[in-house]
Structures are given as C-alpha cells and as structure tokens.
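Engineer: If you want the building blocks of each chain, they are given just below.
2 protein chains.
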Amino acid sequence: MLWFVGLGISGFKSIPSEALDVLSKADIVYLEQFTSPIGKSDLTKIKNATKGKFIPAKRWLVEDGKEILENAKKKKVVLLAYGDPYIATTHIELRTRAIEEKIKTHSIHASSSLTSMIGECGLHFYKVGRIATIMNEIKSLTTPYYVIYKNIIEGNHTVLLLEYNQDKDFFLDPKDALDRLVETEKGQKRNVISSDTFAIVASRIGFKDQKIISGKISSLMKIDFGKPPHTVIIPGRLHFTESDALKIFGQCVDEPYDNSEKTKKISIQMMKKYVPMVREALEEITPYYKDQKEFQGILENAELYVQDAEKFLEEGQDEVAILSIGYADGLVDALRLAKGLDPKM
Amino acid sequence: MLWFVGLGISGFKSIPSEALDVLSKADIVYLEQFTSPIGKSDLTKIKNATKGKFIPAKRWLVEDGKEILENAKKKKVVLLAYGDPYIATTHIELRTRAIEEKIKTHSIHASSSLTSMIGECGLHFYKVGRIATIMNEIKSLTTPYYVIYKNIIEGNHTVLLLEYNQDKDFFLDPKDALDRLVETEKGQKRNVISSDTFAIVASRIGFKDQKIISGKISSLMKIDFGKPPHTVIIPGRLHFTESDALKIFGQCVDEPYDNSEKTKKISIQMMKKYVPMVREALEEITPYYKDQKEFQGILENAELYVQDAEKFLEEGQDEVAILSIGYADGLVDALRLAKGLDPKM
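Taken in order, these protein sequences are the chains called A and B. For the first sequence, the working numbering gives the first residue as 1, with consecutive numbering after it. For the second sequence, the working numbering gives the first residue as 1, with consecutive numbering after it.
Okay, chain A solo, but in the shape it has when bound (with noise of 0.2 Å):
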C-alpha cells in the first residue's frame, strides 16, 4: 500500500489530521524534501510520528522509485511531501507506475504554497493565469517571459517559482530572477518587464517570518529578501481591494501599479502604427489619380478598410482588425507603386 501524504506549507503544524494515523500506522515513511526545505524542528517532529522506518527520500530515490515500489507491495509506505503531494509531476508517475502495478494508493492532500500565496497576497485566485518556473541554469528567460505576456495581455496574475537544489542547497535569489526578466526584456521587446514593473516577492509563506514584498522591480533590487523559500508573482490587473489587501497584508514599497496598462497587445500596437500611416499615404497619393475612375474606386475602398479595421479593433476582433489593415495597405501601395512613389509599408 502507498499513501501520498502533504505535509502542508507551515511545517509539522500543517499536516492533515487524518495524516498523523497513516504516519504512526506506517512500515516505512520516505521523507522528500526536493521542492522545499523543512526545518530541523520539524523533522523531529515528523520522526517522533512515525512509529516504523524513517527514511529522508533524496530526489533520484523518488523519481527512480523501485525501491518504493517494491516495499508497497508488501508494506505500508508513505511518500510524505512538502504542501500538496501531486503538484510534483514525479509524483504523479509514481502513482501511475504503483496502480499498474497493482499497489493500492492513498492520498491525502494538504495546503498548498500555489493556492495558499495568492490568498496571503490578497489577490484573487480566479485571476491567476499560468505559472512558470524560472530555473538558474538557464540564462534566457524566454519562456517565463512569454507565459507572464500572455497572463498580462488578459489582466491576469502570475507565479514564477524559483529552483530550489536540495543537494546543493541552492535556493535562486529573488532579485537574480528580476533582473534575468529585465534583461530578457531587452532582446524580446514586447514591453512586457521594466524596472517599473510592479512586483511581489512572497517569502516563507505560511511560517511565522512569512514576508510579503511589493513594488516596483528597481525599488526589490535594494531589498534583502532573507531566508528562503521565495516566489515572484507579476500582477496583471489589479482590483482596488486587491491593491487594498496588498498594502494591508504585506509592505509596498511603491503603490501598486497596474502592469497591464503599459504592456499592449501586439495588435494593438500595430493599429496605433499603421492606421495613421495608410490615411497619411492615401492622401499623398489621391491627387495622383484625381481624373482616373478605375483608380478612384480603389481609394474609396482602401478608406473604407481603413474605417472598418478600426471598428474590428474595438470590437475584440483583433485579427481581422489588422488583416483589414494590411489589406488597406496593400491597396494603396500598388498604386504609389505605379507611379514610382516609395510603399509605405
């Protein structure tokens, strides 16, 4: 039998009721801590509930998982993890692989950092869009960048988890992530980061020294963030009783700032380029066609879908906002082409 168990997010204290009987039950409880440190005083706690084995499960144990399969077979085991145990993947597949092979499973859920945060921040949770991770090694951030773009663009929230290496005991520093999305923002220039951009670092959340931290990212680089763990989170649109709780449940070292405002949706920044660059290129180029019918028509219509790209554009269709725009485009182009004018476009 395998029982996955969270131990919740504050330590000891936060485990499940129902989970101090399965530990005091077990044969033999694997102990991970590969996605977050658990304090000293805490793992005495944990091994003072275990009645049968103690076992600390380094990272490769769990994510080879023989040997814990092999003991539920026969045993009682418990897998016992940090928050929620199936936020990890690796322990998804070992659920997976013991129900193949035919081990019953158990689980029992706990608090979770991921839900836990948002609600400590005083955000609201319907809001968050996709997490991300942000891992050391990696230099470009590409990815992070493009998951906190698109939450952006819809108004919504996101989480970035820093790497945590239990073997190395390495923890990313809050501000060596900011500054990596800053410095991801310079090559992508999707107006997405800026040292101006309004940040929360949320520490330790659900222990005692539990820190909150927000305001903009060049006011968090003078900021020493302490023991970890950390998480970032780039607020999207913020909600008065959001910026109210934010002040209130933590320290903003700047008022909170709406992030969604500066970042525009490439559409958008298109129109804003190109519809007054096709009405001034339809007027130079009017005179050139004033006594020719055929032509007229064609910058009639060019202005015409010129009206209606703006129209698509305030109706949400963004897409046919800008087809409608080239297409204007390309209509008065052809015909400062003909004449040996320079395109506009």
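It should be emphasised that the hints constitute simulated quantities derived from the structure, not laboratory data. It cannot be assumed that every hint is accurate.
Facing chain A, according to a computed beta carbon distance under 7 Å, are these residues of chain B, among others [what the hints assert, rightly or not]:
id	residue
1	Ser14
2	Thr89
3	Thr90
4	Ile99
5	Ser111
6	Ile131
7	Glu294
8	Met345
Keeping only pairs whose Cα atoms sit at most 25 Å apart, straight-line, the calculated BS3-like set for lysine-lysine is [stated by the list, open to error]:
id	chain 1	residue 1	chain 2	residue 2
9	B	Lys13	A	Lys45
10	A	Lys264	B	Lys53
11	B	Lys262	B	Lys216
12	B	Lys293	B	Lys339
13	A	Lys293	B	Lys265
14	B	Lys139	B	Lys150
15	A	Lys344	A	Lys264
16	B	Lys175	B	Lys47
17	A	Lys76	B	Lys13
18	A	Lys216	A	Lys168
19	B	Lys189	A	Lys265
20	A	Lys208	B	Lys25
21	B	Lys45	A	Lys25
22	B	Lys45	A	Lys75
23	B	Lys150	A	Lys272
24	B	Lys13	B	Lys74
25	B	Lys74	B	Lys104
26	A	Lys13	B	Lys25
27	B	Lys175	B	Lys186
28	A	Lys189	B	Lys311
29	B	Lys265	A	Lys189
30	A	Lys311	B	Lys344
31	A	Lys150	B	Lys272
32	A	Lys247	B	Lys104
33	B	Lys227	B	Lys211
34	B	Lys216	B	Lys227
35	B	Lys247	A	Lys66
36	A	Lys264	A	Lys186
Keep in mind it's a predicted model, so treat the numbers as computed, not measured. Quick reminder that beta carbons are idealized off the backbone N, C-alpha and C, glycines included.
Given the coordinates of chain A, assemble chain B onto it according to the supplied hints.
Structural biologist: Only chain B this time, still in chain A's reference frame:
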C-alpha cells in the same frame, strides 16, 4: 483576534493538525458552508472539537461581517470554511477590514479542491490556465467560453467551477454546464466546444466516493454523476503521462483526446484561408499585366509578401503574418480592380 481556518477538502479529517488546537481554544467558531456543503457527521465532529460557541454562518453574515468583526475585537473568533480560506474573495475582504479595525488576524491554510483536483486527475499543475465559474442564472456562457478558448490555444487546461447555492441547496449539474457550453459555441463559432470535446467531470474530490469520469461531451451527457460537488475540466494539450494517469486514476469513457488540435488560433484559421486565395488571385491577374513593367514589380512584391506571411506564422509572429497576407491581398486586388475584375477579399 480573528482566525481564518481552512477545513480542507475531505471533511473533518482533512483539517490541519494545528487547527484542532485553535478550535478548542476559540470563544466563537463560525462555520461557513456557502462554497461547499459539509456532511452531518463532519458537522458533529467540528461541533465536538469546539469548546466555545458554535455558530453556522450564512453567506450574508460573512459578507456583512459586522457581527464577526465586533466579536473578534474582544474574543478569540474562528471563521472555519471548506478548502483553503482565501480562495473566497469575501474572506480576503473580511481580513482587510479586520486589520483596518486593528484586529489581529491569523490564517491556517488547508488543502484546496483547486490544487487537489488537478493532481487527482493526473494533470500537470503548471499547465492550468485561468479558471472560470459557471452560474445557473446566466444563460450565455460567453465569458467561460472565451476563457476556455484562450487557454486551449495555449494548450492549457481550464477548470470550470459550478455554482453552488447553499440556501437553495442547489448545485449546477455538470451536464447542464456542458450542454450550455455546446450551445454557446453555436453563437460564437470559434471551434472551441463541440459534442466531441474531451472533458473531465471530477466529483466529490477528497471524499471516499470521489469519481473522475472523462470522455467526449456526447458520452458524458449520458452519465449520472451523482452527488455534488462536481467540477468540470476542459483539458488543453495532453502530455502522454497525463493521458495515462487519466485512464488509470479514473474512468475514461472515451480515449483521451487533444482538444487543442481542433481549436486553432484565429490567425492560423485565417492564414489557411487567405494564402491559397491570394496565390490564386495573383495567378489570374498576372497575364493582364505581362507587358507593363511598373505593374510586374507589384505582382512580384505580392508574391514575396505571401512568402513572408508563411514564414512569420512559422516563427509564431502571428500578427505580422496576418498583416503581410492582408497587404499582399491588397496589392493584388488593386490590380484586379483596375482591370474591372472582382476583388478577392
């Protein structure tokens, strides 16, 4: 003093161990049940764990909050709720007000159905996009429909919470929710939801009679899902370990199916239509201009822009791809219009 305590998702046994101590020492315990119903035997266990006054709290009492805050000024008060306490924005607002009124607050987090459910289905948490709620009184599901659409084109999973109304003892049936999504498709036509869409109904997660049933919507419509609470998940792109887990952890009526393959981004849909159309128009008009050098250049330009459009789409620059194909179309149509041929756009 005001404690916000999560009960977790499995009734009294999922309560964090530290919360037992808090319940026994509190002067007043408010039990709030408006996010999910709590069974009778659990209710008795909670009452027994409470030494002080036990008050079942209706929704209006928590939303109004005055009584709770008044009591918390002088006494040890606990607000106990299903799951994790701050998933409900009402609780975040109440905590904000408490701190503003100089009342000390504490939080005890617990397992939330939102995180647990994803793991119980065997899905990867980092692929979950923004969640949405389906309410009974709202007949048009445009908002959740577009949440699903945006998630699905990024390959993300969508969790759909279904309305629960404690006062009316009403829980929206997952079949009604699915049926209305199919109806919404008829008006919106983004190719997001059909009777072939693969969906998951997760019922009573954390309870002994938990059920995870997945399949095409048409198959799910024939199933009786039994007692609430239920949640619907519309998966996006499925990793093979997710499909495997879905089949092993629950019951798949149909083979798991990648919904994101069918639902293409609007930009891709448009390119599929316009690239061949512009190429055909270009071929048709070319002979009309074979002796006019100034127009030949325009046609060559159009061909280059079609090629660019394809290249941009491959690179993921969807908006620029649409602009390019629109422009090429405009160049070609200007020449068609000039010769009295119908434009193609």
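Engineer: So, for every hint listed, does it hold in this structure?
Structural biologist: Now for the hints, and whether the structure bears them out:
no., hint, verdict
1, Ser14, "holds, 5 Å"
2, Thr89, "holds, 5 Å"
3, Thr90, "violated, 10 Å"
4, Ile99, "holds, 5 Å"
5, Ser111, "holds, 4 Å"
6, Ile131, "holds, 5 Å"
7, Glu294, "holds, 5 Å"
8, Met345, "holds, 6 Å"
9, B/Lys13 x A/Lys45, "holds, 20 Å"
10, A/Lys264 x B/Lys53, "violated, 53 Å"
11, B/Lys262 x B/Lys216, "holds, 13 Å"
12, B/Lys293 x B/Lys339, "holds, 16 Å"
13, A/Lys293 x B/Lys265, "violated, 40 Å"
14, B/Lys139 x B/Lys150, "holds, 21 Å"
15, A/Lys344 x A/Lys264, "holds, 24 Å"
16, B/Lys175 x B/Lys47, "violated, 35 Å"
17, A/Lys76 x B/Lys13, "holds, 20 Å"
18, A/Lys216 x A/Lys168, "violated, 31 Å"
19, B/Lys189 x A/Lys265, "holds, 23 Å"
20, A/Lys208 x B/Lys25, "holds, 20 Å"
21, B/Lys45 x A/Lys25, "holds, 22 Å"
22, B/Lys45 x A/Lys75, "violated, 31 Å"
23, B/Lys150 x A/Lys272, "holds, 24 Å"
24, B/Lys13 x B/Lys74, "violated, 30 Å"
25, B/Lys74 x B/Lys104, "holds, 11 Å"
26, A/Lys13 x B/Lys25, "holds, 16 Å"
27, B/Lys175 x B/Lys186, "holds, 17 Å"
28, A/Lys189 x B/Lys311, "holds, 20 Å"
29, B/Lys265 x A/Lys189, "holds, 23 Å"
30, A/Lys311 x B/Lys344, "holds, 21 Å"
31, A/Lys150 x B/Lys272, "holds, 24 Å"
32, A/Lys247 x B/Lys104, "holds, 16 Å"
33, B/Lys227 x B/Lys211, "holds, 10 Å"
34, B/Lys216 x B/Lys227, "holds, 21 Å"
35, B/Lys247 x A/Lys66, "holds, 22 Å"
36, A/Lys264 x A/Lys186, "holds, 17 Å"
Of the numbered hints stated above, those contradicted by the structure are hints 3, 10, 13, 16, 18, 22 and 24, listed in ascending order.
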